[in-house]
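Novice: Protein chains in written order, with the UniProt record's numbering: chain V, 1 to 418; chain B, 1 to 418.
It is possible that some hints are incorrect.
Since the list can't tell identical chains apart, any single copy or any two copies may satisfy a pair.
DSS-like mimics (lysine-lysine), calculated; alpha carbons at most 25 Å apart, straight line [unchecked claim]:
no. : residue 1 : residue 2
1   : K242      : K276
2   : K351      : K27
3   : K112      : K351
4   : K68       : K7
5   : K15       : K351
6   : K350      : K68
7   : K15       : K166
8   : K151      : K52
9   : K350      : K112
10  : K76       : K52
11  : K242      : K112
12  : K166      : K52
13  : K27       : K350
14  : K166      : K151
For the record, the hints were derived by calculation from the structure and aren't laboratory data.
Protein chains: 2
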Amino acid sequence: MNSSELKAACLEVKKASQVLGSLSESKKNEVLGAVHDALLKESDFILAENAKDMERAESVFHLSSSMKERLNLTEKRIVSIAEGVRQVMTLPDPSGRTISDRTLPNGLEIVKTSVHFGTIAMIYESRPNVTVDAAVLCLKSGNACILRGGKEAHFTNAALTQVIQKALVSCNVPKQAVFSILDPSHELVNELLHLRGIIDLVIPRGGHRLIQTVVSNSSVPVIETGSGVCHTYVDKEADLDKAVRIIVNAKVQRPSVCNAMETLLIHKDVADAAVKKVFPELEAYGVEIRGDERICSLWPHAIPAVEADWSTEYGDLILSVRVVDSLEEAINHISRYSTHHSECIVTENKKNARLFVNAIDAACVYVNASTRFTDGFEFGFGAEIGISTQKLHVRGPMGLEALVTCKYKIFGDGQVRG
Amino acid sequence: MNSSELKAACLEVKKASQVLGSLSESKKNEVLGAVHDALLKESDFILAENAKDMERAESVFHLSSSMKERLNLTEKRIVSIAEGVRQVMTLPDPSGRTISDRTLPNGLEIVKTSVHFGTIAMIYESRPNVTVDAAVLCLKSGNACILRGGKEAHFTNAALTQVIQKALVSCNVPKQAVFSILDPSHELVNELLHLRGIIDLVIPRGGHRLIQTVVSNSSVPVIETGSGVCHTYVDKEADLDKAVRIIVNAKVQRPSVCNAMETLLIHKDVADAAVKKVFPELEAYGVEIRGDERICSLWPHAIPAVEADWSTEYGDLILSVRVVDSLEEAINHISRYSTHHSECIVTENKKNARLFVNAIDAACVYVNASTRFTDGFEFGFGAEIGISTQKLHVRGPMGLEALVTCKYKIFGDGQVRG
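Produce the complete structure using the sequences and hints provided.
Specialist: Next comes the structure, spelled out in structure tokens:
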């Protein structure tokens, strides 16, 4: 696929987005129902294509076992993906809502309405379930989508797109409403990021490098997602039992995800007690501790942390730990190294809690709870298309609401400006 | 100023933004009151500095008389700028509001709160009143700002910034909360646009070229403002008297601004009657008509339009006019050439009106009213920092609300994720 073919294809998607924007909620649910049924009906085909990717996973792409695990589809996973589609059917349509309706003294009625963005491009890595998730969340919110998955999932993504497109056509919706770029060229992604005016929004999902490439190169508006160097600060007035529960959960329950804790800060007055309580538990889970000088003197197993540790998202059973002299020092450390995702203070002191939540510049700031809760489903959104770490448009877990913008409809009777 | 000096200065602004984010509404109003008083007290100084710019306006910069008019300050203009500051004092603080407050079944309380962005950079052209407007709107919403005005207004902007900074200091607020880049180097702007992480938001205000340069080059999130190729479509079922009023107002009342009409589309069934009614009025105001073939045959004074006319924002007493065969053709024309700012249909047919407002992809879509109403003050926002033509975060006129983002504050009692 060359640059002008890409542009032509994206213009077709844009055209399809106009159709999608005019569909009623029940029609959109009919489409999602057809996608749900098609996934189940065509599961043999999908599994066969996924098997081709699995074949190449080791021989061609040398994927790690955890990456292979993410790529692999089973009958059960397809059922679960289809179940996800059914859940999106039950969510309210975020578009077409009246946000405000005012009549000015001159008689002009100004109606602010939520509307679809139009065309959304999603750039992501290996997990093929994102292909279906992204497509159905876009469809439900009236958006056409351009999907660019990882080359490791080439056959699976092609199959899933084909199945979704068949379902669209069966409902008389243009199949271009869901379009996958299967050509693995990186050049094409760069072209895509400059189709401002054709593509309304780009959402990258994946590792830090992918996200930074998109953020730095795109002239299409981007929602930055995901990177999380999340901190937990154990205050002088912390309940240490709560601290242990929160720390272990935030680090251990699923270390590979963006809302897992990477750095622990402990107030000096409770450092000794906290270390003795929490480190044995962490070590029982196999967590490697990288500590500053004071931590290393309190806990001989700890590896001395280097500067890079404070800004590293390990995504693994590794934790950097530092002792701070004050709440203020904790806030300063976080302000310096935070990726503005999720940060936590453990304290029984309400004033310190208030100071912390106000001062910390992050999407989600927790008092006495695990950062692992930063998630669209946990927040009750019923779906999640990513976690925004930027401040424009949407912050934190992104549900369907993140996929709409607004429009002012103004009704007059010949009014002119004086 | 070199690149590392710029970065150091912006880091100081970022530090000041943390102070601003913690100020109460009454403290912010105290600051604005001090700015108001200082502008009046120091008006002689400001006028003297403005005179230096006016001296260079012709000799060095060869400004047109309308540009000089924009640059020129008078005692009366300073009073009006100060009055604008007082008006912002009366507006409600957009930050610190609770947007939602829910308690999940697990006991976690999730409070979504509006908060300041942090540091906002504003890049604009010659009008020095923008310096004060931007500074006070940022201050009221708790944001520090980095201002980059036009080199033509160098002395005036320096003076205004100095006066504002003095007022800040008199209220014990760090003067770095309002910082002007006075070095005219274009390189510096480019550096500024890449200080992601230090600057939270860039808002360009000015001509098409300025805005496109910022949008294309910035890795800091941008709100695109301003360009307006605005259309008015006269439907087959239009009330032609209303059409004349609306067309004349949208074209003539202030042709240089972004919400003025640039292209008129007329349904073929009413083309003859509409042309006869509206063109003499437009010509009385000195409007030059550039028409398609059918218009030129109906109105011999018309100059034949060329392709470029349909995408040109004249900002002048020029109007491109085209006859269309249907509402659909009008929608297609607008979809192709719109800058997504403000579009209008004149019709008495409610179904056509509904079709038009739903199909047109623009910030403001009017039925039977002049596009000139797209304005923060007309919309009742009490202020305007620009008109967004993008879909992310804010669309249409931007008041104070556009200058805040949100944060989730989550209060727990030791909850962990299962």
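Novice: Broken hints, numbered, in rising order?
Specialist: 4 and 6
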